[in-house]
Structures are given as C-alpha cells and as structure tokens.
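Protein chains in written order, with the working numbering: chain H, 192 to 444; chain B, 192 to 444; chain F, 192 to 444; chain P, 192 to 444; chain D, 192 to 444; chain W, 192 to 444; chain Y, 192 to 444; chain S, 192 to 444.
Calculated from the structure, these hints are not laboratory results. Cβ atoms here follow ideal geometry from the backbone N, Cα and C, with glycine treated the same way. Just to be clear, a hint being listed does not mean it is correct.
[What the hints assert, rightly or not] EDC-like, lysine to aspartate or glutamate: derived pairs with alpha carbons at most 20 Å apart:
1. Lys-357(D) / Asp-213(F)
2. Lys-357(B) / Asp-213(P)
3. Lys-357(Y) / Asp-213(S)
4. Lys-261(B) / Glu-281(B)
5. Lys-357(S) / Asp-213(B)
6. Lys-261(H) / Glu-281(H)
7. Lys-357(H) / Asp-213(W)
8. Lys-357(W) / Asp-213(D)
9. Lys-357(F) / Asp-213(H)
[To be verified] Which stretches of chain W does chain Y cover? Using the computed rule of at least three CB atoms under 8 Å from a CB of chain Y, they are:
10. 346 to 353
11. 409 to 421
[As the list claims (entries may be wrong)] Here's a subset of chain H near chain W, in silico, CB distances under 10 Å, partners left out:
12. Thr-319
13. Ser-320
14. Pro-323
15. Gly-349
16. Met-372
17. Gly-396
18. Ala-399
19. Ser-400
20. Phe-401
Number of protein chains: 8
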Amino acid sequence: MNENGLREMLEAVRTGHLGIGDALRKMKSLPYENLGFACVDSHRHLRKGFPEVIFCEGKQTSQIIEIARKLVADAGNLLATRAGENVFTEFRETFPDARYNRMGRTITINNQPLPERPGLVLIVTAGTSDIPVAEEAKETASIMGNRVETLYDVGVAGIHRLLGRKDLLWRAEVIIVVAGMDGALPGVVAGLVDKPVVAVPTSIGYGASFSGLAPLLTMLNACASGVAVVNIDNGFGAGQLASVINSVNLSGK
Amino acid sequence: MNENGLREMLEAVRTGHLGIGDALRKMKSLPYENLGFACVDSHRHLRKGFPEVIFCEGKQTSQIIEIARKLVADAGNLLATRAGENVFTEFRETFPDARYNRMGRTITINNQPLPERPGLVLIVTAGTSDIPVAEEAKETASIMGNRVETLYDVGVAGIHRLLGRKDLLWRAEVIIVVAGMDGALPGVVAGLVDKPVVAVPTSIGYGASFSGLAPLLTMLNACASGVAVVNIDNGFGAGQLASVINSVNLSGK
Amino acid sequence: MNENGLREMLEAVRTGHLGIGDALRKMKSLPYENLGFACVDSHRHLRKGFPEVIFCEGKQTSQIIEIARKLVADAGNLLATRAGENVFTEFRETFPDARYNRMGRTITINNQPLPERPGLVLIVTAGTSDIPVAEEAKETASIMGNRVETLYDVGVAGIHRLLGRKDLLWRAEVIIVVAGMDGALPGVVAGLVDKPVVAVPTSIGYGASFSGLAPLLTMLNACASGVAVVNIDNGFGAGQLASVINSVNLSGK
Amino acid sequence: MNENGLREMLEAVRTGHLGIGDALRKMKSLPYENLGFACVDSHRHLRKGFPEVIFCEGKQTSQIIEIARKLVADAGNLLATRAGENVFTEFRETFPDARYNRMGRTITINNQPLPERPGLVLIVTAGTSDIPVAEEAKETASIMGNRVETLYDVGVAGIHRLLGRKDLLWRAEVIIVVAGMDGALPGVVAGLVDKPVVAVPTSIGYGASFSGLAPLLTMLNACASGVAVVNIDNGFGAGQLASVINSVNLSGK
Amino acid sequence: MNENGLREMLEAVRTGHLGIGDALRKMKSLPYENLGFACVDSHRHLRKGFPEVIFCEGKQTSQIIEIARKLVADAGNLLATRAGENVFTEFRETFPDARYNRMGRTITINNQPLPERPGLVLIVTAGTSDIPVAEEAKETASIMGNRVETLYDVGVAGIHRLLGRKDLLWRAEVIIVVAGMDGALPGVVAGLVDKPVVAVPTSIGYGASFSGLAPLLTMLNACASGVAVVNIDNGFGAGQLASVINSVNLSGK
Amino acid sequence: MNENGLREMLEAVRTGHLGIGDALRKMKSLPYENLGFACVDSHRHLRKGFPEVIFCEGKQTSQIIEIARKLVADAGNLLATRAGENVFTEFRETFPDARYNRMGRTITINNQPLPERPGLVLIVTAGTSDIPVAEEAKETASIMGNRVETLYDVGVAGIHRLLGRKDLLWRAEVIIVVAGMDGALPGVVAGLVDKPVVAVPTSIGYGASFSGLAPLLTMLNACASGVAVVNIDNGFGAGQLASVINSVNLSGK
Amino acid sequence: MNENGLREMLEAVRTGHLGIGDALRKMKSLPYENLGFACVDSHRHLRKGFPEVIFCEGKQTSQIIEIARKLVADAGNLLATRAGENVFTEFRETFPDARYNRMGRTITINNQPLPERPGLVLIVTAGTSDIPVAEEAKETASIMGNRVETLYDVGVAGIHRLLGRKDLLWRAEVIIVVAGMDGALPGVVAGLVDKPVVAVPTSIGYGASFSGLAPLLTMLNACASGVAVVNIDNGFGAGQLASVINSVNLSGK
Amino acid sequence: MNENGLREMLEAVRTGHLGIGDALRKMKSLPYENLGFACVDSHRHLRKGFPEVIFCEGKQTSQIIEIARKLVADAGNLLATRAGENVFTEFRETFPDARYNRMGRTITINNQPLPERPGLVLIVTAGTSDIPVAEEAKETASIMGNRVETLYDVGVAGIHRLLGRKDLLWRAEVIIVVAGMDGALPGVVAGLVDKPVVAVPTSIGYGASFSGLAPLLTMLNACASGVAVVNIDNGFGAGQLASVINSVNLSGK
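Only chain H is shown next, with the shape it has when bound in the complex (with noise of 0.2 Å):
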C-alpha cells in the first residue's frame, strides 16, 4: 500500500466509510500469501519489478509446483533457478509451455514478456567450465526484459582473445564477467571500459581456488574502476543486478 493507498483510507476514514478497526486491519494486512511452508511475496512484483523466483536447491519438487502455481497465476511469468532435469520433467506436467535451459538449470515462464530495454548487457566467461553460471545469469537478465549476448572461453591466459573483441565489449551498457580459478578476467575488462562490470566468482578450479574464494579475493581486489561484485556461482544474482543497473536512468523515458 502505497501513500496514495493512505490518503484514500484516511479518506474513508474521515468520510465514516470505513470503521477504524478495519482500518486498522488493513493497514497491517499485507498482499502475500501463507502457503504453510512459504510466504508467496506477490508484492514484491510491484516493489521490484519482477515476481519472486524460486531456488529449487533444498526443495521438494511439489512444493516447487505449488509456489509456481500461485507465482504464475499472479504475475503470468516465472523463473527457478537451480533446477535438477528431474525437476523439469515433473514441472512440464503443470506447465506445459514452461522452457529449460539445461547448462544453466534453468526453468522460464515468459507468458507475458517485458518490454526490452535498449542497452546491451553482455555475458563474458574466462573458461568452458564458466558457461553454466553464464547461463543462469543469460536467463535471469533475459527474462527480466534485457537484450543479453554472450563472448565465452576469453580468459587472461590468452590475452588476445579478449582483445580481439573490444568492439563488442564497447558496445555493452553493463558486462557480466563470470571466472574462476584465478578471476582475473573482470578487473582486465573493466579497464578496457567505462561501463559498470558484474564480477561473477565461480567454484570451478580445486585446490588453492578453495571453492571460489581466490576468485572472490581477486574480484574484490580489482584495481579497476566500476567492479562490481555478488556471491561466488551466483548467476542468477548477477544477471538480476545488471538487469537492476540497466534500468537506472530510464524511468524518466
């Protein structure tokens, strides 16, 4: 409820068309819904400009189907990330027209797609091993209502490979940059340009990577400007926060 939401209540308050006891009540009644295991945030759709999505991670396959059924009759669209195949099979039942990304373990409803921003976002990985988080991220920014292109296996061991593509990387409005091992791709390419880079860490690698730790050290270690970084493997943060960045300046448009 917003402020315009208030006033019309105070409204109704003053003008005795509502008591004050209902105006109480719904004062502190709030748009979401208590499934018993989960409180479906349809709110949030107004409060940040897309449904929840679903972590698939850790949860039963009908509980999944039972969020998505309340998520996709409200907002028409949907998003699971880290979604097994086994999940999808299962889903598929409930909905029929629902697509899945397999490297990136994705599950997308886009019944109602948004209107496509006009700036660029760009997904880049250091190595093959790279590719899934890149593609949850490709999905997140996708659905989102964001023009994504992908430049894959560019990593600093072979410099030129990257080079060799400046033309794309200036034509990007926000760069996803997503590396292992070592992630010293992103502050490289931050350098390069002037528009804000998503530094995505992944767990690929073994031993001293620990898990995604040295990359995460290095990314925010970045001596380049405009780096910006979220959690180690997480695609789908990473495509939500250029999606995010993409749409600053554009409210007035």
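Given chain H, work out where chains B, F, P, D, W, Y and S should sit, using these hints.
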C-alpha cells in the same frame, strides 16, 4: 589511439606520408608518461571518463605532488584518497585551490567541473563510525559529476529510522550503503527499492567482525536483489562504481 | 548426591550405621550406568531438568535403541535428534508410541509430559530452507515443556512480511530466529522486541556463505541487544537454550 | 507510536480534529533526533527498556559528550563503553556525577536507578586477564537493574576452584562466563547448573587463540545445554543479554 | 649402520679386507627395498623400535598386501590403519592370523609380541562418537608393547562422570584424551594429573566445529600443563606418541 | 602475428596490395577458432611452444573429443589431464593411437614428438599417495620434450632414503618435489642442490592438512633457496613449469 | 585433600572429634587464596609438582609482585614468563635473588631447587630468531628439575648441520624442537630418534607463515612418529610438557 | 666434503696416514662455525653458489655485524635484507664499502663480483607500491650474477601499458612479476611469453586483500603456464629463484 586514428595512420602509410618504421613506433607508443616510479596514465582520461586517482597510502608526499602536477596539467581535476592532514598541508602549498575532506581524508581539485548527471546518488550508513568511508564515497561520486545526498546512522538495530526515510530511498537512482559489524543494512535497503545498491563493508567493529570479513560475507549473501559488493572500507571504489552505474543509458541523451 | 544426602551419610557414619569404607565408596559412586560404549547419564535428569538427548548421527540404530531403552526406563520421555527415517522405522518396533518429525528429523516419546511453562517460545525463519532446523528447535522446546508458535519465511529481503507480524513478536517471551545466507534476521527482530533472541545460523546457501560461517559471523556482530548465538544448524541447542531461558524467574512461583 | 496512539489518531481524523496531511506527516515522524553525525534514538528507551549506549571507540570526545547530553536529557541515565581515561577526564567536566570503572573502561550515570530485578546475575571468569571484559558486563547488567555478583579466576586448569563454589552457581538466575584461550569454562559451568549461561570469548592469549577465535569456536561447540554465545570481548553485549534474559517471565508480576 | 658398524668398516678398509669402491658403495646402501611404488623402510625397525605402519587410505588392496608381505617377513608384526572391512576380507586370505578391529578400522599381526612396558596408557573419550579414534590409538599402543585401559564417554558436560574416576586417571603413566566438538576434556584431565596428556581432536560434530578445527584450537590453547596435541582424528599418532613417551627413562632399566 | 608479419602487412598497404579495410580486419583477426563452447587457441602453439591442454574435469566426453580433434589437426600432439578411465575408453575410439596413464589420469597423443632437451627433469615424491600427482607431472614434462626420471616415497620421516640418492638429485637440471601432509620435502631437497625445485603440495592427508593447505603453506615458507610453488595437486602445472624452466638459456644453442 | 585426608576426617566424624557441619565446610574448602583479582592456587603445588606460573603479559607489575609474594611464601620457587625488562627492574626490588633471562623474558627464583631428573632435555631451534622461545622453554624445564642442553640454528635448509649432531640427539630423553616459517625441523628430528619430540611453532616469519599458522600445521601433519605439538610461541608449555614427559616411569625409582 | 674428498680420506685410512678415530671425527665435522647464537654456514657457499644471506628483522645490529664479519671473511660478498636505515648507519662503520638500497632495504658488499650470466632477468611491478619488494629482488638477483632490468607500474587495470612493452618481455630469460591487491599481472604476463614467470604477491592493499592472501591465491590459480609462486613480500626469494632458474642449462657452457 582509436580505430579512426589507426585508419588515418594507415592512410598516411599508403600515401607515403608516414614511413613503416615510424608507423610501427607510433602504434607501440601510448600516451602515458614515465615518472620513474609511476606510469602516469593520461590515456585513462579518455578510456574511463576521469583521470587516474592517487591512492596516497604508502606514497611519499613529494611523489604524490609530482603525480598530481602531471594529472592536473592533463585533466584540470584531481582526486587523492587516504590522504592524511600532513599530506594536505604540504599539498596546499603547490595547489592552493585544493580542498580537503577531513573525515573522508580526500583531497580534491575541481577546476573543470564535469556536467552533473540527472540521477541522484544516495549514500547511507548503518552507524556513525561508518561515516569516514561514506565521505570518501561522497567526494568520489561528486567530483565525477553526480548529485549526492546522505542519510547517516540508520542501521537495522532500529529499523524505524530507515523506514521513516523511504521517500528519500525511492528518489535515488543508485544507493551506496556503508555498514560494518553485521553488515545487514544493504540487504534491507535493497529489499525496499528497485535500484542498484552498492554495498561497502567496513572494518569498524571488533572480535568476530574480523576486520570487515563479517559484513563482507553478509553482503555477498544478501537475499535481496540488486546488491553490488566492493572491497572492505573501499569508499572510493563505491563512489566510482555508483558513478559508472549512474552513467548507464545516458550515452544516447 | 546433594548436600542433604551428604549430611545424612555423615550422620550415618557418626552413628556407626555406615562404615568408613562404605562411605568412601558411596561418595565416589554416581548414578550413571555404563553401557560399554556410552555412559548413560541418568543423574542429568536431576541436574538439568530433562534426560540426556540422543544425537543419532554416527551411531548405529542398535546403539540408539539400547540407550533409549535405558533413558525411557529412567525418565519416561525421550528426544532423539538427527534421526533418519530408516532409524525411526526400526525404532518404532521397540517404541510403538514414538513420534517422528520428518522435517526436523526428531524422534520423541512424551509419556510423562512436563507441565507447560506460561511464556510463549516463538520460532521464526528467514526462508523455507531454514524450516528443518526450526522444526528441530520446535520439537526440543515443546518436549521440554514450552508453548511454541512458528512464523516461517519472513526474511529481511521483504521486511514488510516481518513488520506485519509485530504483534506475534511482542507476545513471545523468547524468540528463536533461524536464518542462513546473510543471517540478518535475528538482528532486525532483536531491534523490535525487548526479549531474548536465540539466533541459529544455518548452513543453507552456497558460495560465500561458507557452510554457515557467514550468517554465524553476522549474528555474532548483531548490533541490536539481546542476541544469543548457538552453533550452525543447532536447532536442538536453540530449543534447549530457549527452554532454559523460559524457566528463568519461575522457581519462586 | 503504539496501537493505542494509532487508534487515537484515527479517531481524531474521523472527528475532523486532525487533517489528513497532518496525519500522514505524524505517522512518518519518529522520535529520534538528528545531530548531523548520529541519529540519537530516544525512541529506543521505550522499545528496549534502556536508552542507547555509547560505544566510544572511534568517536571524538566532543561527539561523545554531545550524544551523552541528549541521552541524559531524555532518560536520566547513561552508559558509555570502551572509554579511555582521557575521555572520562574530559567527560567529568560536563557530567560531574559520572562514575568511571577503570578496568571495565565504562562511564555510567545512574540518576534514575531502575528498580532491581529479583534474580541474581553471576559473572565468572576463567583467568585474571578476562576481568576487564567481565567488569564491562558487570557495569552493563548493574545499570540495567540487575543484582550482580562475581567469581573471578576459576578456570578449568584447576577445576576444584570452580567446584568449590557450586553453591554460588546454583543461586544465580543467569551466569555470564568470560574465558579466553581454550574457552572451556562455560561448557563446564553449563553442565553444573540448569540456568542460562552467557558465554563471552576473550581475545586474551596468543598464537593459536587467533585473537579469540579459539574460545569462540569452543563455546559454539559446547556440549552442555543452555549456552548462549556473544561476540569476542563483548562484555557489554553479555551484560545486556543477561539483563534481557533476567526480565523473562517478570512482565506479569 | 651405526658408529660401530662404521668403525668396523673402516678397520676392514685399513686391513685391506674391503676395497675403497666397495666401502663407498656400502656407505651409500641403506637397508630399504624398493617395491616400485613404495620404499619399504625395514631400517626403521632399528631406528624407531617398530616397523613401518601401513596407512591404507588411498592404497589398493594389492599394494597393501605386497607391502605387508615385506614388512611381516622383516619384522614379524604388522599394523595397518584406516582399513575398510573389504580390505581385511581380502587381507585375511594371505595372512590368516591377522586380527581386525571394526571400530578402530585397524589390522594387526602380532606374531612376535614386544615385551610389555610397566606404565599404564589410559585412553579417555568425551563422547561415544570419539570411540573409533580411541580404538585406533588403543590398537597402536597395544601392539607397540603398552598396557592399555579405556574410559569412554566422560565429557565435560557432565563433569561428575570424570571426577568419579580420578583413581584410574592417577594410575596411568600417560593419558590419551580423544574429544570432538568443544575439545575441552584434555585440559580438564591435565588439570587433575601430573602425567602427560596426549590430546586428539576429532572431526566429530557439525557447524562451527569446522571438521575438527574447533577442538584442535581448544587443545592447543589448553591452560593446564602437560598437554601434547596431535592431528585431528589421528588415533594412530596418539597411540604412537603415548608409546614413545611411555618408553622414556626406561633405557637404563 | 609477430612484428615481421606486421611489417609485411604494412608494406602491402604501402604498395597498394592490401586495402585499408582489409588491413584493419586482418589486424583484429587472430588464429583461434570458435567451437561455440570453447575458443580453441591454436595460436597458443606459436606463443607458448605447446598446444592448449585439455582439463577434462567438468567437461562432457563429446566436448573433449571435439576440442581434441581440432587441436590434433593443428598440432599433431595432445595432452588431456584429469581424464577418468571412462573418458579414455570413448576417446580411444576416435584416437586409436592415444595412450592412457592410469595413475596420472592423463591421455597423450605424441605423433610429432618434440626434440628432447638436454637437461634432466627429476620427479620426487614424499609418499606413495603422492604418486598420481607426480605421474601427471611426468606425462606433462615428457610430452613437452623433457627427459624425466622419478624417485618416489623418500619423505623426511626417513631422511636417509633421500640422502642415499644425492647423486640422482645432483644430476637433475630441474627437480619437481610432490608432497602432502607436512610438505617438508621440497625445502630439504632445495637445501641439497643448486637447481630450481618446483614444489607441488598435495591434498593427500586428513585433519589439519586441510585439503593441502598445510603443505602449501610449508612450501611457501621453505627456508632453502630456489623453491617455486604451484597450486595444490597441480601436477600438470608443475610439469609445465619444469619444462619452461628447462628451456631457459637454450634459445642460443 | 587426598583419600587419606578424607579417611582421617571421616574417622574424626565417627569418633565425634569433628562436627558434621565442620566436616561439610572442610570438604568444601580448598587451599587456594583469593587475592580479589586472582585465585592463587597453592594447592597446585601438590597436584602438579610445581607452583603456579605467572604469565606477565596483560598484568600490572604490582599485581605480579603481589601474586609472586604469595607463591614464594608457599613454595619457595617462582617462574614468571613474558616479563619485560621494566617488570624485572621493579620486581628485583622486592625479590633481590630473582634472576632474569633477557632473551627468554623469564624471571626465576630458585631457592629450593628440585632434585634433578636423570634424563636429558635437549632444545633445538631451526633458526636464530627462534631462540627467545627456546630460552623460555629452557628456563621452564630447568627450574622444574631437568638437565637441559641446547642446539641452536640447525634448520632443514642446511640439513648437514643437524645430521652432524646425531650423537647429541641420541643422548636426549626428550627433545624440544622450535621452528618458524616452514616448521619442518621437528618431523626430521623425530625421524632420526626414538624419543618424544615436543614441537613448538613460532610466529617468526612473514607473509604466508600467517603468524605461525604455517609451522603449526606442518608440525600437526608431521609424518614421523612421536611428535607432540604445543601452541605457537609457547616455549613455557613446551618446557613444562618436556618436564612432565621426563618424569614418566620415574615414580617407582 | 664430496665423493672425491671421501675417496681420498679412505685412501689415507688404507695407507695408514689417517687413524680411524680421526677419520670418524673428520667425517662428522662440517665446515660451519658456531657463533653461539647462529651456526654460520660457510659450507653453503659451495653447496648453493652464494654465501648465506642475513635476514635482519628480529636480529640486533651487533649480531648482524658479527655474522657479516664471518661471511665476508669467507666469501668476500654479502647480502643483508630487511635492513632498516639505522642498521645500515651502524653497519657502514665496520664495512665502509657496503651499499644500501633505501627502497629495497638491502645492504650489499660486492667485493668479488660473480661473473654475469648471459640471460636477462626482468622485474615487473603492477603498481608503485610494489616497488620495494621488486628492489629487494633486483639487489638479490644482481649480486648473484644476473643482468637485471625493471618495468614498474604496468598493472592490468590499464593493460595497454604492459602490451606496449612486449618487446622487453620477450627479451628476458626469466621474469619476476610483483603484484598486490588482485595479483592478476603474473598470469597475464605468463600468457604472453614462453619463459618462467616468478610471481611475488605483496601485502600492499587493504580489506579483502587480507595482507597478501588475495594475490597469493590468484597467483597459485593462474591459468597461464609457467608461473612459479613464492611467499608474500618475498622479493629476496624471488630474486634467488630467478637466479637459480637463470643458471639452468649453463653448467656445460
């Protein structure tokens, strides 16, 4: 040297106005100068929209002034961070129009102010001890051409202080949130708005804050969408990232 | 053996009813029994108000049942935690009146229910994935004689869900708050009430949550007053601590 | 503003005694004042039972005094922690009735003593080096209206020192146990009593104590029931938590 | 080859019974055999009083048997640790007199029992989950010629269980204490006796025990004197260290 | 494209044989091919002396074979690491002349063997469990044109095993030392020779080896000179580094 | 009070020479005195064979002297560790016969020297920087009645220095090995002898030694048998442990 | 004593020119002298090609001078690292021909310069703050007989600075790369050359650089081949390793 310059140079080679040896040398020379101890990167002004910034910690004041002289000659403006008062005292003798922010420990020269961008950058702190980092961010964002407002000491232990200023949160295009100890504020702010939140952990605190590790991890794990994390105590990086984000979708205007 | 017992024994020595050797032996013998692999601490019932609890992980089902038999014989009631379904299947054959909580993975026998304490223990979770830990806490607090209510999935990413239930928060005498990832919820709750908040970090999450380290540190650094932290995923310990707190100031009643 | 206030306000709107604009403004205004560098939270007095406490580290003495002046005017009482002797020297000029605890480094003003709660808060330390943290806890619990006794230097290396004072342990309603190095004392104490034990790790020690990490982990892993852990060296937090626990089940009396 | 051997060899060189080349070769040759994948160190029997011990984890059963064959031929006895049941099943076909300890996961052949040392080695555990590590220590100390007794499940959460067996503690010449979680038991035991305590942290537990880090740090920080720490879960090392300690001051006897 | 190529291209521009647009395109195009999921870097063959190596972990066998096909077509040779037996089984169908090292888990094709360098690369392990990592290093160094010998299971617990082979140590030009647990061997070896020692920590071990962290730190702190550390379990990197070192000072020969 | 005392007391109760109340009080009173800030544990002299030792860090000199006065009165002897020169200067005024070890920073009073045990305690260091910790160990072992010799600066980077003194190693009953950086020396020494090796990591070093963490882990992972690890820089603990070990098997003599 | 010496000694024994006792003593005596606090290892000159180096931190100036006197007498040359200016001031009185590098904090005496090796050692830094570590490396490599050039302040945030000097990179036989913060530079350099890269992390930076842990991990995870990592801030070790590498394949020349 951009593509146009390269094209012109190739034309000069073709027309015989430029010898091949000279062309080779020219292609290798880049517009940075070598002061012996530091490669001053004037080129960066073109590439990143703002001249190189001087990180004063670990540099001698005479070195700082020498670098500053070069940068001011090239770009007119200057930002120096982590500058103690004694640095500024000496600095002012060479640059009488320099300004010092005692809390943020920044020196600025703003002879050729950049045009102000339309979007508002809001800087929020959880406690009073986080203000120095916030002030460093404020000076950085300001000199890079952003309108900045601040909202200090509104941490989650008394959440009503933050909720009472939702209007201000909603007016901003980018929000920098600075917090130490539990570092919970950025996640709460990001849950209230639909704009990017730049989260800055601070080393304020003691014990299990482990010099900022605790709030850093909190912010990386924030459940709300749109949180971009930077290094511990990195007010400068936050200001710069906010500025870069605030320039998104403006190039066509 | 308490002071009274000791006094009586000394009297028996003085009156010659008890030999010195027997007195010495008696003073050393304590009422716990040795099952070979586990010292069952029946004495504990007197000392701590509830019989020893069986932590099933890493024990064979036959061992669990043998310990259970001894404890039930002594105390009538039983709580076993971290019990897989296969443990319960076998367990039920010996104890047909045992009850299993699938989510919380607890087995309970409550033949001699403790008198219920007046104060309410409220259990709150940030997300749905935190519910198993919360259920372990609920079973623990319940069997120890506490009235328990729950409020699940009200994390800080949508703070309105929590604020909408302030009435419930204010009715509780002790609040257990279970949260993974950023672990910010206990600090926010503690800022809203004037009662103790038992904070339980969970290992839910990925990447920089580092198996619960992130929310653990967040909770230890909570700025609000009255936050008591227990081990990661320790729903049992939280329930027990809440129960012990809920018995404060009751002895005179 | 509680529910009653809201109800009265709504009645005033209905009866026309309050304009809608005024009602809106009123609902947003909260009773905290802005000193520019710190939002003094007078409201907290109502919400948490004690005025805000000043953490002096990292604040200038003039700032501390300004905040103190506001708080004393509102609440009569004051607690300032981590205050060096030089802070107190200056402080006393403004507040001649302030009292300083040299070991605990606290400043207190207790003009309007709170009514003393019935239950005893006992503070125990493992060694003599843990006493400063214990004294901070003592001052905190005392000014918040608790009866406090202390039992210092009874660590587990000579367990008979502790066992010899079981009577005192059994008289307390809440026990704060302060320990560095191995941090084993809280677990042993909790095994002897049936009341809550607030465990405070200290950074006392060297080497593998890693500035308090070792006792912190020990306490989180304590096998005995009823152990509530707070941050390293957080005597203040322990005193406050003990006080909040000691108010449980008293509201009806 | 000891000093006497060297002296004899030099005499042989002097008397011409040994050529210089042969002497050189002899000095370089050491009595260990090369099996291709493992240098079996028979020499060790002389140097350390017991033949090399086989750590089975990560070795193929065929390799284990080949090494065992060599060692048994040289020394008569054998100790193999971390041996799964399937290893033993196959092992027994080659060595029918081998004995398996299911809990401790050790295989032993004791054809030529070492003479038993006079001092008692006592092995104590905090909980029942620590018993496997204790059994590994027991087998190790036993086969190395020590009298061993055990006292299991007497952790500090019920300190009376330990205090009730002081007599046994006082009879031992060396005490091995095995404990996970808080790891507090070795420090308490060491405070009660004047003999060396070998402390073994275990990886038993969850959450903030961090796979044994917590009890490891606790033991390294134990305030009582005479605590010798070994690696996490290293029952073998503890048994061996206890055995070496138990041979101190015996050489003259 | 090296300087000569650039010079030739510029000459072609000057003589009109190459248009400016074509020159620009040529300067940007680099000889790597895009397989969709991986940029195969054939260029690398020229730049680094050996074709790209396939790290099989986390790749599908079909992907591995597709990359291999491209690399073998370009360079004739191939090295694939971390390849399970099932990968090799399928692989061999496409590449019948491929060879598999079961312990080292490497696949090699060596159709066009590189000329062998004069210097010897010696590979030493502390224990038998370190051999898989050593074998990976051996295959890597061998296919890159180095003579390799091995000396396995000579750890510091029986230092005589190492000292007995000083002659072999002194014959090598580069020594790779692979060690887990305490990781002390590289430092001891480096103290005996005047050639570079490449130190490889392994994740062999348990408890406080923390998956290789312990030997990694040991090696980084080695007091002897000439120790070059690589990542935990990185046999491939060690073999490659040894090969690169073994090519030093050979270019003029 | 040992069993005999208890028996005598019970006899006095039986014969009526001791009232029951007096008996109860006597059983609870233990011979330690309360100085207000420290429980001086005179009882310990009986229990552990040496009076309590004063750890001076973090104590005021006046406190140290007060504790010392009590201890010297009880036991005649004294050991104070981590004592700065200024502490000793003041200390000497009260105890003119006190002796100061400048490197080891210990104060000793040895008025009633303990009888010397037969076995030799050898103290070995890897470098010269480890000597202060070694000297603390030396003073501790000496005053506790042990013959002590030292062998300094024989680290593994020049292994011949150690191997040249095997005779001395073989003469010792217990060996303390002090080492920082890589901490490899204790494992090498333990491989050469069949007596217990007390390993002391030191915080000497920089970078990846992480204040002693590196050598601590190395020592815990030492492959050789018979290595007993104590806390970083804990020379005192090492001396004490060596002394306790050196008393094994002596009680019957 | 090498094999030849041993052979000659054995011959002397055979011919009766050397008694057996003398032979035994001779074999045990090694050419290092004992200064009481430090075993000066003159032998090392033969073994490792350069006399022992003095690490000044934690040593008294008088000790440093005494060791230096011995080393200079033996070897003519000297390198002392981590030497403060005050050390040098005193040092110069004894050694007037000593030279001081203020940035690198090294003292050198080069009376008998070693013959210069043909290969170039190039030292590269990412920033100006990394120069002190680079200068320590430079002095070390220089006095050990290497030609050294430097390329400072060419970090990846402005990658064109590095790419503009590829010619210099390609001329070097070994490259030392010194970098703090993100530590990304060595991986980028190694991707451009086919020679060994010695990577030195520095503790320059703040926050999540964790005193050099971040760049250390980055370098251990570098994807490019041929990266040899040394300890944080270990300029000396890097110079020495580069020197040892630069002597590979030279013995036959």
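To see whether the hints hold, each was checked on the structure:
1. A C-alpha spacing of about 18 Å is found between Lys-357(D) and Asp-213(F), which places the hinted pair at or below 20 Å, so the restraint holds.
2. At most 20 Å may separate the alpha-carbon atoms for a hinted pair to count; Lys-357(B) and Asp-213(P) meet this at roughly 18 Å.
3. Restraint check: the Cα-Cα separation between Lys-357(Y) and Asp-213(S) comes to about 18 Å, which is no more than 20 Å; the hinted pair holds.
4. For a cut-off of 20 Å, the pair hint linking Lys-261(B) to Glu-281(B) stands: about 17 Å separates their Cα positions.
5. Proximity of Lys-357(S) to Asp-213(B) is assessed by CA-CA distance (about 18 Å); at most 20 Å being required, the pair is judged to hold.
6. A distance of roughly 17 Å separates the Cα atoms of Lys-261(H) and Glu-281(H); the hinted pair therefore holds under the 20 Å criterion.
7. Annotation: proposed proximity of Lys-357(H) to Asp-213(W) holds, straight-line Cα distance about 18 Å (limit 20 Å).
8. Among the hinted pairs, Lys-357(W) with Asp-213(D) is consistent with the structure: their alpha-carbon atoms are about 18 Å apart, no more than 20 Å.
9. Taking the CA atoms of Lys-357(F) and Asp-213(H), the gap is near 18 Å; set against the 20 Å cutoff, the hint holds.
10. Only when three residues or more bring their CB closer than 8 Å to a CB of chain Y does the claim for the segment 346 to 353 of chain W stand; here the count is 5, and the claim holds.
11. Counting residues of the segment 409 to 421 of chain W whose beta carbon lies closer than 8 Å to any beta carbon of chain Y gives 8, which meets the minimum of three for the stated coverage.
12. Checking Thr-319(H) against chain W: minimum C-beta separation of about 4 Å stays under 10 Å; hint holds.
13. A least Cβ separation of about 5 Å between Ser-320(H) and chain W falls short of the 10 Å threshold, and the interface hint therefore holds.
14. Below 10 Å, beta-carbon pairs count as interface contacts, and Pro-323(H) has one with chain W at about 9 Å; its hint therefore holds.
15. With its C-beta approaching chain W no nearer than about 5 Å, Gly-349(H) sits inside the 10 Å limit, and its interface hint holds.
16. Hint status for Met-372(H): holds, given a least beta-carbon distance of 9 Å to chain W, under 10 Å.
17. Of the supplied interface hints, the one on Gly-396(H) holds, with its beta-carbon coming within about 8 Å of a beta-carbon of chain W, less than 10 Å.
18. Hint status for Ala-399(H) relative to chain W: holds, with the closest Cβ pair at about 5 Å, below 10 Å.
19. The interface hint given for Ser-400(H) holds, since its Cβ lies 8 Å from the closest Cβ of chain W, which is under the 10 Å cut-off.
20. Nearest Cβ of chain W to the Cβ of Phe-401(H): about 8 Å, under the 10 Å cut. The hint holds.
Going through the hint list in order, the structure satisfies each hint without exception.
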